[in-house]
Structure formats: structure tokens, C-alpha cells
Amino acid sequence: MIKRYLAILIILLCVANAAESSTVNLDEGSEDEVEFGFHEFFREFFTYDTMMDAFNYLEGRRPEIIRQYDLTDTIDPNNRMGIPQSTWQQRAVWAIKISDGVDSEPEYYSDPTEPDILIVGAHHGNEWPGFEISMYFLFYLVEFYGEPNMDNDNDGKINEDPIDAIDNDDDGLIDEDESEGRLTWLVDNREIWIIPMFNPDGVATDTRTNGREEVPGGPRGSTVPTNGVDVNRNYPFMWNREPDPLTGPTMDTSNPSQSVYRGPDDNFDDDGDAFYEQEYIPSFGYKWTLRNVDEDPVDNIDNDNDGKIDEDPDGGFSEPETVSMRNLIHSLDGNRDDKTDIVTSISYHSYGDMILYPWGYTNQETTPHNALFAYIAQEMAGFNGYDPMVGTDLYPVSGELDDWLYGKNDVISFTIEVGSDSHKGTPEDILNYSRINLPVNLYVAEYAAQIEVARARFAPSIDIGLPQINHTQNVHIVNSDNTYSVKVEISNSEKLKKNSIFLNYKAGESGKWKKIEMNTRDDEIYKATIPTQRGGRNVYYYVEAEAIYNEAEGSGGIIPVYSPTYGQYDPHYYFVDISLGDTFGDIAAMILMMVFIFGIIYAGLGKSLKMAIDAEKRKNIP
Amino acid sequence: MAEGKQVRESWGSRWGLIFAAMGAAIGTGNIWRFPRETAVNGGGAFMIPWLLFLFSWSIPLLIAEFTIGKKTRFGTIGAFKRFAGKKYAWMGAWMMLVNIVIMFYYAVVMGWVMKYFTVAISGGLSPGVNTEAMWQGFITSPGQVVFFQLTAIAISTVVVYKGVSKGIERTNKILIPAMFVLLIIAALWALSLPGSLNGLKYMFSIRGDAITKADTWVSALSQSAFSTSAGFGMAITYAVYMRRREDTTLNAVIAGLGNNAASLIAGIAVICTVFALSSSNVDAIGVMQSGNEGLAFIHLTRLFTLMPGGIVIAGVFFMAMAFAAITSMISGFEITVRNFMDHGWTRNKSLTVTSSLIFILGIPAAVIVLEGGVPALLKNQDHVWSFGLIVSGMFVFFAVWKFGINHFRETLVNTEWNDLYIGRWWVYVMYLFPIQFMFLMLWFFSQSIAAHPNSWWNPFEPEGFMTIIVQWGLALAILIRLNDWLNKKALIKPQIGEDELVEVTPEY
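So the protein lines, in turn, are chains A and B.
FYI, the numbering for the first sequence is 1 to 622, going by the working numbering.
FYI, the numbering for the second sequence is 623 to 1130, going by the working numbering.
Derived from the structure by calculation, the hints contain no laboratory data.
Don't be surprised by glycine CBs; every beta carbon is placed ideally from N, CA and C.
All the pointers check out, no bait thrown in.
DEER-style ranges, computed between Cβ atoms: (1) B/V751 / A/D170: 18 to 28 Å; (2) A/T529 / B/P986: 56 to 66 Å; (3) A/D151 / B/P749: 16 to 26 Å; (4) A/D586 / B/T834: 15 to 25 Å; (5) B/V751 / A/D614: 46 to 56 Å; (6) A/R61 / B/A1073: 28 to 38 Å; (7) A/T426 / B/P1075: 50 to 60 Å.
With a straight-line Cα cutoff of 20 Å, these simulated EDC-like cross-link-like pairs (lysine to aspartate or glutamate) come out: (8) B/K795 / A/E616; (9) A/K617 / B/D1041; (10) A/K610 / B/D1041.
Just chain A, same shape as in the assembly (with noise of 0.2 Å):
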């Protein structure tokens, strides 16, 4: 029987074995880009219906962040020059607030603490990685705001490789977990715009004009056919600077029938000063001449010397596009300084892989503020590979979107040409193209606060010598009887506002958030202690502080910084462990209570042996 035994044991090992070694089985073909759920609306181009669509869907998700504007709505009815609250056919131009709490403000508010930025997509109508790109930010950011931070990929590491563009912990997987705590702070502390398709008319029929069928030029005031205006030439700074005679001749922006069209002139005496001019020559007679008609064009120049500068343009915000842009811009002046709230500014188009700042009418002088720019196009760079260049460089052109935001409004903007040799790409590209330009959006929204300091001091590069705190989290787990001491090392701590660094903690997840002041000696090193806390949960902290700059330089003149980077989104923590008692009396009683039961167990065991031990010697005594 034994025997039996032995034989069926032996099958039974080779069968566990083989099994065993069949269950090896390693996941391969690990792929560089991580999928996330919303990729599935990135599998086609959107159109303007399924973009409108996916709008609802996303606001449906989250009302509290997103609002859906209709810019043509902006349009003045009664305009003179015949402009539609609409595209010419009957589209809207829809623009998308993200920011916290807009669905509870007043249209078109603009929060004076929060830098704005802007992100359009599709001034050309059959350049359409820029909706894309554009929905794609869109998409991301409500994917993930208000998310707690995640583990996104599973590997047991909390936000290790955010959106960089950069395999941050060296694993080959780029990017695959952000931090949801970044995205949430972004959205709160700024007020992003974003207009994904700024020319659905164009889109709708794949052409780089907009909808426009005809134009005021013909003779006695007629009309005469167009393919649409190009709406990246309607913008009315430098309108009529191209060709320029420097740079050579490009394409015929005046000819209705080229793509480029800019749109018609103006001829609209907008500041009520013109007259007719008698002029006598001889053997024709008196000559009668319209005079001070669009004799101020855009430029920041007096030309006609009166006082008053740009006040009677020659061309540009002909087209219901053009116009909702305008609006918008200068509706957006929370701090109301007749500057637009806007600092930094990104048009997409394609395709040539590039970024372009201004100047884009001129190559004969750089903007003031070039320095800033390059250094910005540089680290946008860094993400996306592209070549950074002043957009004259790739040619000469006029009244286009980058000249007028910053000529006009001082919008450090840019204008990104995707892709090396497609105006589209296939689907296949979509998913491509908008991952490596989503880290440019984020990393113009997070640091829209610096520019805007920046810029105002025409600084070379965003360090604007913004204070940092620095924090060494050296203990992770404290006793439940102990208090946490949070020390920190502030540098650039000149520009800290006195009295303004806190310490900020809470206890659990779904604590309060609680705040106490730290102290310094010296202005360097700061200090404050958490008082001890009941065991078993994280105990959550961070330390807020704010920089302090001229109100001309922006955010309000205060630019609230953290450690960690993001604050109350993403905090520091530790873990407060439950105290088993260390005091002597809690050891004696200890001591006590084992002396106690292995007194009982042991001294009865053994007295019991021994009595056994005893009667087995009596009981075998015959």
C-alpha cells in the first residue's frame, strides 16, 4: 500500500513541476507612451460637431472647471462693416474657460490673481493638428484634476514621472505617472483659455481661408468674389507691411483670390477727422482727395501726428474670427490696467516643427523683449524638439495673430508649426503630435506667474529670483506621542513678504487643513512644530509663503510660493504611528504581565512534570 503511495507521489511531482514551470510568463513588448481612457476620442480628427459633442461631455464631468463661450456672440449686431454673430456660415467660434469655479463668475471674469493663458488652434482650416493638440490639453486636464495623486501606472510610485517629456525615473516609460496634484493646482491658480478650433468654417471644408464668399473693393461700392480670408493676416497690427521690400516679395496678401488674402481695407474714417482736400492742377481743374482715412495704422505709431496713436487702422478685424479674438483679448482685464489679463499665448498651426515668436512683419529689429522669448521658445524646445526661431525668419508676414498679442497687448506669444511634412498627418499621428506638445501647454500655463514678472522686467529669462523653499523631509513616521518639527531653508529670501510663511498640516486624508506660522531667527531658517496626533494615519503638510514684486510686475504683485512645489495638491507626509507606551511604568507592567503568564504556564508545566516524574518512579518501584 505504501508502495502505491510512493508510485502515485512520484506522477504527482512531475505533474506539479511541469505546472509549475509552465506558469513563467513575463509581459512583453512594454511600450513607451501609456494609454489613458480619453485616448479614444483621439483615434479620429475631431469635426465641429464631435468637438462641440465631446465639450458637453467634458463639462458634464466637470461643470465646476469648464465653461463653453461662443466668442461670435461678442460681435457688436450692428457693426458697419457687416460682420454676422457668427462665421460667415453660421458657425461659432467656441472658446473653453478652465479655471476653478467658473461655472459661479460672471461671464468673461477674469480673476486679477490668476495669470491667463491662451491656446488656439486652427486659424488655417486645413491645418488640423492644431484642434488636436488643443482638445487634447483639454481633455488631460479635467482627466486628472481634482484626482487624488495615483499611482496612474501601478508600480508602487506616486507621481514619479509627470509630463516632462522626460523618462524622470528611468524605467522606458515617458511620462506614464503625472501629478494629478499638479494638474488640480494649474487649474485653480490659473485661468486657461482655450480655443481648439478658431476657424470651424475652414475646417468644415479643409481650406486655409475662412468662410467668407465675397468682399467690399469692387467699383461704386460693390462687391467681388473671395476664397476667404486668411484670418492669421487679419489682424490689424502691421496689416499691410508685406511684402516687405527688405525681405523680398512672398504672396499677394491684397488679391481676394489667394489663400493669403488678408481681408478687405478698411476705409473707414474710425476717428471722424477726414476731409477732402481741394487741390488745383493745372488743365484738369480742382481735384478733390479723401484725406485722414486710415492715416494712423496699427503700429504704435503716430504717423499722422495728432496724439494719438493707431487710432484710425488701415485693415485687419474684418472677420467675425478676428473680431471674437479681439474681444476676448480686451475683455479679459481683471485688474483693469487696459492690458489684457493674457501673458503668454500659443497658436498652433503646421506644419514645420517649429516655434515662432515675434517679430513675424520684420526681420530689421527684434522685440524688446527677444531675450525672454528665446529663452522661452528654448525650454518649450526641450519638449517638443523643435526649432525655435523668430517667425520672420521662416518668412515675412503681416498682420498676423503673434504681432498683434504682443505688439498690441504684450502677450508673450507664440505660434508652434507641427509636424515636418503634413499640414494633418493620418489619425495615427494625433495621439504623437498632441503628447509632445502637451508638456509646452502645461509648461506655459504653470509658469504663466513668472513670465508676467518677467516681461515686466524685461528679463532674459523667467527666473525672476522667485524665493524657494527648500524642505528635507528626514523623518517619515513619528510615534503617536511625539510632535513633528518642519524646518526649511528659504533662498532668494528677500523677496519673501514679511510675516507670510506658514505651515500648513492636516491630519488624515479628510482632515482640516490647519495653519501655523513659522519662525525664524535669521530670515533664512524657518521652524514651527505639528503637535502630536492620535495614530494610524498620514498626517499631511506643507509650507506656503508668498514673493513679493512690484504691483506693475503682475500677478497682483505676489506670486504665492510652496514646498512641495504644488502645495495643499500634492503635500508632504508622514506617518503617525500608534504609540505602544514608552514610559517605565508602561515597561514594568509589561514585564510584569509576561513574568505573570509564563509564571503560570512554565511553573505549572514543570511542577507537573515533576510530580509525573515522581509518580513514575513510585509506580515502577514493584
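Following the hints, position chain B against chain A.
Chain B in isolation, oriented as in the chain A frame:
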């Protein structure tokens, strides 16, 4: 050797009996259940009632069982028939049934332990190994689980096949001291770790909130009841092989105290290891709350990999646990085998049937593993039948009560061969028995309902309430119905009274 008289196996020496009884009492429950229950129920606060119930439940019951077994010289069925009356033979059958169902899954559990022993000694616990995945991988490979289950059964079969003195006695005399030594090594090693003081503090500090909780007390009672094998029928069965002049009372006390002595050392080994190596006390408490298998096969195994010399200690620990399991399992085999032998079968035939039953009917427990590595049937059998033990204990009380508790003490317990006089206290403690039983049952049922508020009524909820009622009800109905048959057919071996016993002392 007198001609013509019945020849009966018996223990070679008193120490053989004591080690065998201790071996039966000390099982895996001492090593993984006791530390866990202690930790979950407040350490020192748990130990006081745990010690109290050793004297109010376990030892009195062991005394009663030893006495009944020695008096009747039958396995459980015969013992109840003879001692409680023909109407109650089914109670003995219940005891045997509880025992054999527990053996179904105990063999599987012992197989797990042996698997981990082989993993430990073959160097499979290198630092960084994912013990969770290892456990999941193992538990979901039926071939492996069954292989080790079969190995466990084969070892037990060989031991029981060799008989009481040459098999069971000899094995226990080696394994039980060895197990103590191994546990002491593991405990000392644990104490040498920095931070082990936290474990001692946790284990031996009385927390006020825990000592006043009813849960603590009932958990302590159930731990005491399960741990000592009281109610298993082990003491009845092993008493069959007692020499005529054998003591029953002092041996019961030694077995009970020996069991708790082993628990204490295992407790120190496990709790101090967990507290010393966990990243925080909260973490350690979490580990201690993670269930028997989770504690032993996932967390302790993981912690061993973090510990200096952990590979050695893992081998030591699982070897101790395997020894504890083997010595318990052979007692389980013997309880069933004894009943078949009472039927007139030879040891060989009885054992063949018993082993085959335990293997074949144990396979479902081994292979039915749900998603996530939950051995559902095994859990169900454990849930339902380990508490059958408490009912068995109640049956023993019933038999004693029927006989007359004080009468039992005066005439059967306190015989001339007993080394420890049992005073009237035993009578009073036995009267507490039904109350303790009631508390245990009420707590068990309410736990089964409270843990599954939405599915307790479902007989297929593995750890629910209704599954207990259905399984117990079915078993009791069948056994009571079979009572006549049990009386007439199950025992055909002529009865031998104590006086006719001829001792055969094996030659060494």
C-alpha cells in the same frame, strides 16, 4: 503474554502518551492562530481570559475525555455508546465526522506548510521576492497543492501504520521536543532583532478597552477550545491505549499547559518578528490581522526575506509548523482509524480506508480556489467544522452530566492510579460548561451573520450562517437516523472491560 486473551496496543511509556497528547494539541493553530488572535484582541488583555479558559474549558474536558476513553476502551462511537447509552452512539459518530472533515482540509494546510518549508530550504525566499504572487501562484496550481496534500497524507499514513507505540509515540517523542527547540530558536532570533521590544509590548500590555470587550473574552475561549484538541476525541482515542495504571488527570494538565507553553513561544516568535520588521506598528497590526494564510504565507514569509538570517529562520519556522501539523494530523488519523478498528477491521484496512477518504474527499478543498486565490471550500469546511469541535465538547459534557458529574469525579476520575486529585472545583467548572458553550455559539452565529449582512442566509456563502445550519443539520439528521445501525453494525468487536486488559509492552 497470556494465551487466549485479547492483545491490545498500548503506550510504551507515560511520556509517550504525554508527547502524543501534546502533539495532538499543538497544531498549526498554536503557531498562526494564537499570535494572530492575541494581536487582534489586544495582547495582554487577551492572555488573561485565554489562560483562565484553559482551566475552565480545555483541561476539564481533556480529563473527562481521558477518563471516558480509559473506562470504555473504545473509539468515540463505542465510547459514547458504552458510556452515554445506546441512544447516543451518534454523538460519537459526530465527533468522528467533525474530525475527519477537519482532516480533509488539514491535510491541505499541512501540504501548504510543507511546500513553504521546501521553498524556504531551497532558497526560494530571496529578498525582493513577491510573496503575494508566490502564494497566489502556488494556491492556484492544483497539481502542486494536491501533491503536497498527498505528501502530508502519506507521512501521516506511514506513522499511523506503524501503530501506536512504534509509530505515533515514537514520532511524537522526536517531533515535539524538536518543535519546541525550533520555536525557541525562532523566538530568540526574533527577540534579537532591533524593535522586537515593540512586539513584546504589544503582546503583553493590557489595554483597558480590550479587556472589557466581550469579543476579547469569547475569542480567548474559542482559541483555548480549538487549541488543546479538547472535544476532538483525541483524548478518548489515546486513552484507549493507556496502561491500566495510567494517570488521566495530571496528563491532561500537562498536555494543556504544554499546549499553551508552545503557543507562548510561537506568539513571541511571530509577533516580535512582525513588529520588528514592519515599517510601523500600524503596519504590524495590519499584518497580524491578515488571516492565517495571509499572515504565515504572505507577510511572515515576506518579513523573513527582510531579516538577517531570515532564510534559515524561515526554514526553522516552517519546519516547526510542519512538525506541529504532522503530530496533530496523526491524532486525527488515529481517531478515525480507532473507530474502524472497533468495527473489527485490522489497523491496515482501517488506515487504508481512512487515508483514501481523507485524500479523495480532501481534493475538492485543495483545488476549489476562487478568483484572487481564495480556497473557498477549505474556508467553508474550516468555518463550519472547526466549531463542530465545540459541539463535540458539549456532547462530552452531556455524557458526563448524564453519568452524574460528581459521581463521575468520585468514581472514575479519582482512581487509585491518578497522580493529581481532582477536587470539587472540577464539578463547578463543569457546570459552567453549558454557559461557556452558549456564549461561544451565540458569538459564532452572530459573527457569521454580522460578517455577511447581505448573504448570511445563503447556504453557499462560505463563511455565512446558513451554511453552518444546513451542514450541521444534515449531518445530525443523518447520524441520528443511523444511530441504530451504528449500535448494531458499527461495533462488532467484543467489548473488553478494563479488567480484562492485557498490556503488551513493545520491545525496544
